[in-house]
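Line by line, the protein sequences give chains F and W.
Residue numbers for the first sequence follow the numbering used here, so the first one is -2 and each next one is one higher.
Residue numbers for the second sequence follow the numbering used here, so the first one is 1403 and each next one is one higher.
Honestly, I wouldn't trust all of these hints.
Here are the simulated lysine to aspartate or glutamate pairs, EDC-like style, with alpha carbons at most 16 Å apart [unchecked claim]:
hint : chain 1 : residue 1 : chain 2 : residue 2
1    : F       : Lys265    : F       : Glu290
2    : W       : Lys1474   : F       : Glu250
3    : W       : Lys1564   : W       : Asp1551
4    : W       : Lys1474   : W       : Glu1453
5    : W       : Lys1564   : F       : Glu285
6    : F       : Lys265    : F       : Glu250
Pulled a few chain F residues facing chain W out of the computed Cβ check, cut under 8 Å [claimed, not checked]:
hint : residue
7    : Gly20
8    : Thr28
9    : Glu273
10   : Cys274
11   : Leu277
12   : Glu285
Here are the computed distance ranges between Cβ atoms for each label pair [said to hold, decoys possible]:
hint : chain 1 : residue 1 : chain 2 : residue 2 : range
13   : W       : Glu1549   : F       : Glu250    : 38 to 44 Å
14   : F       : Gly157    : W       : Gly1530   : 43 to 49 Å
15   : F       : Arg259    : W       : Arg1529   : 49 to 55 Å
16   : F       : Pro279    : W       : Ser1559   : 16 to 22 Å
17   : F       : Pro279    : W       : Arg1575   : 30 to 36 Å
18   : F       : Ser26     : W       : Asp1533   : 50 to 56 Å
Keep in mind the hints are simulated off the structure, nothing from the lab.
In this text, a Cβ means the ideal position worked out from N, Cα and C, and glycines have one as well.
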Amino acid sequence: MNSDDQLRALLEDAVADVRPRSGLDSIRSRTTGSSHRAWGWSAGAAVLATAATIAVVAVLGGLGGVSGTTDAGPGPAGSTAPTAESPTETVYFVGQTGAGPRLFPEMHRVSSTGAALDESLGAAVGGRADDPDYASSWPAGTTMQRAQLEHGVLSVDLGGPVVGRPAGTTRTQAALALQQLVYTAQDVARSRIPVTFLHDGRPTATLLGEPTVQPVAAGSADDVLAPVQVASPSDGSTVRSPFTVTGKAAAFEANVQWELMRGSAVAKRGFTTARECCTLAPYSFRVEAPPGEYTLVVHDEDASGGEGNPPAQDTKRVTVR
Amino acid sequence: MTLRKPGTTKAVSQGGGWDADAAVEELYAAHYRRLVRLSVLLVRDVETAEEVVQDSFVAMHGRWRSLREPDKALAYLRQTVVNRSRSVLRHRGVRAAYAPPPPRDQSGADEDALASERRASVLDALRGLPDRQREVLALRYYLDLSEADIAQTLGISRGAVKSHASRGVAALRSLMEDVS
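Build out the structure end to end from the sequences listed, making use of the hints.
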């Protein structure tokens, strides 16, 4: 045997005893009902439109200070870079995508490293996102009591009407709500320890109807996170032209497309390539535009033509100085 | 059957094209097991590999409109399985490190025990390699892909494929002596 044949034999043999269980039923159950997904997409689009309207009202009503908290930095790079006096942490929120609700990361300032877990999880539960397209899946009245990493246990203690699954909440939404906190807690704690959930300081069999007897592990990023995310610039930020847009995308053939919208008109458009195809991978591109107020739309390619998943996108309102 | 040359192409041209559901069924029948085994070479854990491959089929179904041809669909599946296997390793670092070895025949015969040990040592050796080396070895020696196909699947240059392959082969050399 030459060494190539030896290697072939070695690898063939290494997995020769792997007999996977049938996965066809599981795949089928997740690929049927494209029409349902199409409906979900229009509903999602409607939600986005509504959120955008609310955002406009909020800004006009003088509540713009919420997004003003991320404007302290000198632009997109400054707004995400941790500083000594006020560290930033990643908080996950729920937003709509073509494939249904998914998690979007957003950078948030916290008052100190010691308070990072409590404050970040509080923001996640309360849905205090800068981007009006993002929200929390936790019902009104949910309180974040304490989050800590102690003796190797990463725990999140919640209060309020959250043990059972609220009417009108699907299992998928409930599971995503838990993942929202698992992802946030693990990112802030710099740890992949599964999260132990408590209710009013005691272990609880369920939260939102999902089992929480065992600590909850993070789901696969490709299933849980939004397939197109803009990390910078953050929503509502003011930038100088040209500015750099960064984020992550799991896009077909790694193609990422973008438009800079002025009202409903496209002021600029372009495309770039994420570092890898088909799994969340970083992308970045530069945009040059005259001063003005824009909405940046970043999305994957609409290759589906109505079959399969519609495109996924993330939008950010940006002022170019 | 190799993944490079799907034996199903003919049925397609005769049938005038599949829809997304038919593509899943056909490609599943022809390639599911081999893709799971490919993923096991990359992530070690069988259950994780099953999940990765099932997710990849679901993703392929969603993209069928832009794939349409079985060759393209298969290339997409391969690429998705490799990339997702890598991202699972990154995201589930802890779980992968403590993943139990794949289930084996527990008949107890010495020869089986030896085979199990040998398999485990190959999978362990692969897990010890950098991602790219492991991927290049699996694509080249398990799927029998050409250098050009590997370069395309991994999104790296052919030169990089060569250098990853030669380093990977060197790392596994001691194991190869055991099976020669």
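Against the structure, the hints:
1. Between Lys265(F) and Glu290(F) the alpha-carbon distance is near 13 Å, which keeps this suggested pair within the 16 Å criterion.
2. For the proposed pair Lys1474(W) and Glu250(F), the alpha carbon gap of about 11 Å is at most 16 Å, so the pair holds.
3. The straight-line distance between the Cα atoms of Lys1564(W) and Asp1551(W) is roughly 12 Å, inside the 16 Å bound, and the hint therefore holds.
4. With a CA separation close to 22 Å, the supplied pair Lys1474(W) and Glu1453(W) exceeds the 16 Å bound.
5. Distance hint between Lys1564(W) and Glu285(F) is unfulfilled; the C-alpha atoms sit about 39 Å from each other, more than 16 Å.
6. Taking the CA atoms of Lys265(F) and Glu250(F), the gap is about 22 Å. The hint is violated against a cut of 16 Å.
7. At a threshold of 8 Å, the smallest CB-CB gap from Gly20(F) to chain W is about 4 Å, leaving the interface hint in force.
8. A cut of 8 Å between beta carbons decides the hint on Thr28(F): the least distance to chain W is about 4 Å, and the hint holds.
9. Interface hint status for Glu273(F): upheld, as the beta-carbon distance to the closest one in chain W is roughly 5 Å, under 8 Å.
10. Hint status for Cys274(F): holds, given a least beta-carbon distance of 6 Å to chain W, under 8 Å.
11. Evaluation of the Leu277(F) hint against chain W yields a held restraint, the C-beta minimum of about 7 Å falling below 8 Å.
12. The beta carbon of Glu285(F) is not positioned within 8 Å of any beta carbon in chain W (closest approach about 28 Å), and the interface hint is therefore violated.
13. Between Glu1549(W) and Glu250(F) the CB atoms are about 21 Å apart, so this pair departs from the stated range of 38 to 44 Å.
14. Separation of Gly157(F) from Gly1530(W) is about 47 Å and conforms to the stated range, judged on CB atoms against 43 to 49 Å.
15. In this structure the hint that Arg259(F) and Arg1529(W) lie 49 to 55 Å apart at CB holds, the actual value being about 51 Å.
16. For Pro279(F) and Ser1559(W), the Cβ-Cβ distance of about 19 Å falls inside the hinted range of 16 to 22 Å, so the restraint holds.
17. Separated by about 35 Å at the C-beta atoms, Pro279(F) and Arg1575(W) satisfy the suggested range of 30 to 36 Å.
18. For Ser26(F) and Asp1533(W), the hinted distance range of 50 to 56 Å is not satisfied, since their beta carbons lie about 31 Å from each other.
Against the hints set out earlier in the document, violations occur for numbers 4, 5, 6, 12, 13 and 18.
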